[in-house]
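*Asks:* One-letter residues, chain by chain:
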Amino acid sequence: MKNRVGVLLLVAALAIVAGCSSGGHGRDINDPVNSLVFGYVDMADAPTKVTGAQIRQVAPPTDKPYWGTDVKDGLFYTYYLPPGSYQLATLHGSSFLRGEHQYNMGRQGGDAGVRIEKPGIYFLGAYKYKTVKSGMFEQSKFGIERVSTPSEAELLQKLLDTDAEVKNSVWADKIRQRIARLKK
Amino acid sequence: MRRGWLVALLALAVAACAPAARAPLTSLSSLDRDEVVIVGKVELVPPLRKGEQKIRGMVVGNFENTIYLMMDEKLRPLPQDPRIADYAGRIEALIGSTFFVRSKAVPSYVLGGILFLEIGGNSPQQKIYFPGGFQVAAKPGDRAIYVGTLRYHRDEFFEITRVTIVDEYREASAEFEAKFGKGAILRKALMGRVKP
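Residue numbers (numbering that gives the first Met the number 0), protein chains in the order written: chain S, 0 to 183; chain P, 0 to 195.
There is no bait here: all hints are sound.
No more than 25 Å apart at the CA atoms, straight line, and that leaves these computed lysine to aspartate or glutamate pairs for DMTMM-like:
1. S:140 - P:80
2. S:132 - P:85
3. P:53 - S:110
4. P:49 - S:62
5. S:117 - P:155
6. S:129 - P:158
7. S:140 - P:158
8. P:138 - P:34
9. S:166 - S:30
10. S:127 - P:80
11. P:126 - S:110
12. S:63 - P:158
13. P:181 - P:170
14. S:71 - S:110
15. S:117 - P:51
16. S:63 - P:63
17. P:53 - S:62
18. S:140 - P:85
19. P:187 - P:170
20. P:126 - S:62
21. S:63 - P:154
22. P:49 - S:116
23. S:63 - S:116
24. S:63 - P:117
Listed next, the stretches of chain P that the computed footprint assigns to chain S, with coverage defined by at least 3 CB atoms under 8 Å from CB atoms of chain S:
25. 45–57
26. 113–126
27. 145–158
What the hints contain is simulated information worked out from the structure, not anything from laboratory work.
Positions of the beta carbon are idealized from the N, C-alpha and C atoms, including for glycine.
Model the full assembly from the supplied sequences, consistent with the hints where possible.
*Replies:* Right, here's the structure in full:
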């Protein structure tokens, strides 16, 4: 299993996030071309919890490659993605004592990426934050390591239970069907 | 916060003091007695698509459609985050174009490659790393050697799926002759894989 290593930035404000991402790029939740992409990261060992995550569109190339996600207790998801290739790009979070943090994933390595050829539900995986030792003059580094829990079915159930908008959209039935298939 | 400032200062230092790349050669007569011109090419399959590389703002250096081949006379692993000194003697290879660079006439190694995918703008800098471990077998007395085309195959996530060294001597030799005349011999010495 490959770890994906990134760099951690202490930022004064989330200007980067605010400047580049917009959750659904103006798309409708019920657009039949949409895919639901989701994942989970356990930030127990990180300086902050995760309050935001962005997914990067790597194909086809675009001027607006970053897609915002909803985040709930480590579960991050978006149900707006058109066909293309995507990967987890950044996580961010803040705490009163440690300030704002942005966790930037590198472009290579790991398996937190999906290639969407037809609309559906795609799982980026469940990960755990790991600190990576770095030198005095280096940026702080971290890694994310694939973990087996929570499972895809558990996360989808959580999504269904906690997001009223999803529950009242075309996604509800699709998610239930997917959970049923995963539990067979 | 102090560490953040140190990192920012270091980044400035990198921009200001990046060591020199291997110089492109325009005339064989300008080569010193112990020097050779290395002729080769780097290719990316599929090539960079429009909009895939984003170099924005005032940037000093050659980054567009360029892979830096990190070179050393000693074979060693390229650090995950190369230091300033690691950039010394790099070959700045314009992807898909034959390079002609001045070098010492001794064996050297391609430690790896780096492509700057995003610089400037609101996004964090993104670098892509390419595998190395190839010997450039120059030897004393050489004046010009052809090392081949280093062809990196990749997917859209920039995972490198295959690396080959392709012999395009005939085309390179014609370019060499057009550039430097018919007098000099371009010795074929394709890069070879070596274990660190």
